[in-house]
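Asker: Listed below, chain by chain, are the residues.
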Amino acid sequence: MAVRRTIVGIGSPRELEEALRAAYYLADAELSTAAYLALALGKPLLLEGAPGVGKTEAAKAIAGVLGRALLRLQCYEGIDAAAALYEWNFPRQMLALRQQSEGAGQIDIYRDEFLIERPMLACLRRPEETVLLIDEIDRSDHEFEAFLLEFLSDFQISIPERGSIRAYEHPVVILTSNRTRELHEALRRRCVYHWIDYPTPEREMRIIMMRASGVGERTARAVVAAVGRLRREPLAKLPGIAEAVEWAEAATLLNEQGARWPEAFRRSLGVVLKDEDDLVHVAPRIDAILVEAQA
Amino acid sequence: MIDTAGPIAHFIGFAGLLRRAGFAVAPEQTMAWLAAIELLGPTEIADIRRAAHATLAPPPERFAEFDALFDAHFLGAISAGLELEPSEDEPLHAAEDSLVGPEPIFGDEPRESGAKATAAERLSVRRFAPGGEGETLRRFARALPRRAPRRRGYRWRSARGGAGTDARRMFRDAMRHAGEFLRLRHRKRRLRQRRIVLLIDVSGSMKERTQAHLAFAHALVRAADAAEVFTIGTRLTRITRPLRLRNREQALATASLVVADWDGGTRIGEALGAFLAIPRFAALARGAALVVLSDGLERGDSTAMGDAVARFARIAWRIVWLTPLAADPAFEPRTAGLVAARPYLDKLGDGGSIDSICTQVLNLASERAAA
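These protein sequence lines are chains U and H, in that order.
Counting from 2, one number per residue, gives the positions in the first sequence under the working numbering.
Counting from 63, one number per residue, gives the positions in the second sequence under the working numbering.
Among the hints, a few may not be true.
[Unchecked claim] With a cut-off of at most 35 Å between alpha-carbon atoms, the simulated DSBU-like pairs for lysine-lysine come out as follows:
1. H:Lys-409 / U:Lys-275
2. H:Lys-269 / H:Lys-409
3. H:Lys-409 / U:Lys-238
4. U:Lys-275 / U:Lys-61
5. U:Lys-238 / U:Lys-275
6. H:Lys-250 / H:Lys-409
No lab work stands behind these hints, which were simulated from the structure alone.
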């Protein structure tokens, strides 16, 4: 196991936590420990959690801290190697062949210029410049997951026309899952794992204050209380952190334009709850929830 | 790098403790954990705990249990309600049909004999008589290859038409013909039959039907490309192997020897939990069509049954629960276990006769399409 104690000057979980805060991401000690260990041990980082708890944001922040480009591979049902690894640029190969038949000499149509890199190949070829984010793997098929397992254990892929390509150092790979289905045990085993939960009210408030511009402390506190209350309701789509930040911003905006406090929250409710059934569900109690949250 | 003395043995001991408590911990995870501890240096216990969370990866719903074990092992805390072994009941056994031969598996487990066997676990051997539904099952076996649910494979095959063009093949063709494209080629994903996993309740309340159910299971295993059959009662037994025999009477006779808990009590929740706890079995349910033949009369803990079915719902493609009680059109699930499981089932259907079970299984694919 290749262990790197220090990566871009970060030598402990606390230093990573500091660096992430500078990148406007508030990580708790658990997340920064898991992320630091993943970087140091050269293992992929698997982040699981409900939608909207900041899994993708965490990946972006880590890429930012490392000063690397983020390559995002969004998974979907039916995703295949052509979307994840590479594709030949057939039209260009064709053109090159035509030119050759008109007498331009020999040409190798499997050169780099005819290869369209997809995220996984790009990350293998430039491991020190990139962070690979494989987003929402739970949406992909089991076959793709099995393929991913192979990729993550060897960091090597083979292109029949070119032979195999191997990363000369372990790339930084971050996987996220909404846990709509369970991932293969083998995949979890290979990764450093972190379950991101909804933040504590205290931390969520600090996130809102940091992310939203011009939101007052009382507003932030009320939003956190109300959102926390909404998350205990049986809703189809629970409000995430992004929704909480947007709600605080929207309500502040309406308030500046003259709407009074509980009213400003109620009118901007569409920013938090984006499902008709959910809105209908909370409608009878929303006033009580808002009054309680402001207290 | 790793010497087995002192603290390291203590850490490795924790991995062993986790395994005994039913957490899946691989040696490579233990190694990653040790490397992590070394990396973080001798600091606080909180760091060691965080490293354990990150590398040993307990499932989120078992965090509390994991932390309790951690405290017990490293801090010596005895927390209330923490039991490493399920207390009064014996742990539920899972049996494997590794022997197709004549030796019955039930005989060689000393724990089962005499006084140790609980009242609920009445082990008995059953003989199968050939059922009277021969013709129905023959029709089922003929229809299944066409109507079984399918999944899209990872590989492609050439096709006559459709949206996907096969650029790679066309290009290779063109190279053979001096760079001219002569025809448009298509491709599509190869289809494969989805695995069908059949769970048969063999408890006392299903007594009259188990025989017919096993005959159905035999027809299923013979006709399907991929099928697995387990019996559930007070224990979980895999009987796919014996059922592969061509001759039905032989197959049922062999299967009946493997199963040791005929007509005993019912601990469906625990049996399902045992199924999920064995990674090899759980992998069989992944993306599969799960068919349960049971009346859902649970003697054990009904929340265990709900939890297990919820986990199945996240793993399997579709869960169909066929109960003989649903033969009555006014049927509503009343037992606590079935009520707990109901929200996660794709269908709660009539399992009153072999005819209806055949129909339900043949309709797995078309109902999903309609839903």
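Asker: Hint by hint, note whether the structure agrees.
Answerer: Verification of the hints:
1. H:Lys-409 / U:Lys-275: Since the Cα atoms of H:Lys-409 and U:Lys-275 sit roughly 29 Å apart, the hinted pair holds (cutoff 35 Å).
2. H:Lys-269 / H:Lys-409: Satisfied, since the Cα-Cα distance of roughly 23 Å is no more than 35 Å.
3. H:Lys-409 / U:Lys-238: 24 Å, holds
4. U:Lys-275 / U:Lys-61: Holds. U:Lys-275 to U:Lys-61 sits at ~25 Å (cutoff 35 Å).
5. U:Lys-238 / U:Lys-275: OK: U:Lys-238 and U:Lys-275 at ~8 Å, within 35 Å.
6. H:Lys-250 / H:Lys-409: 31 Å, holds
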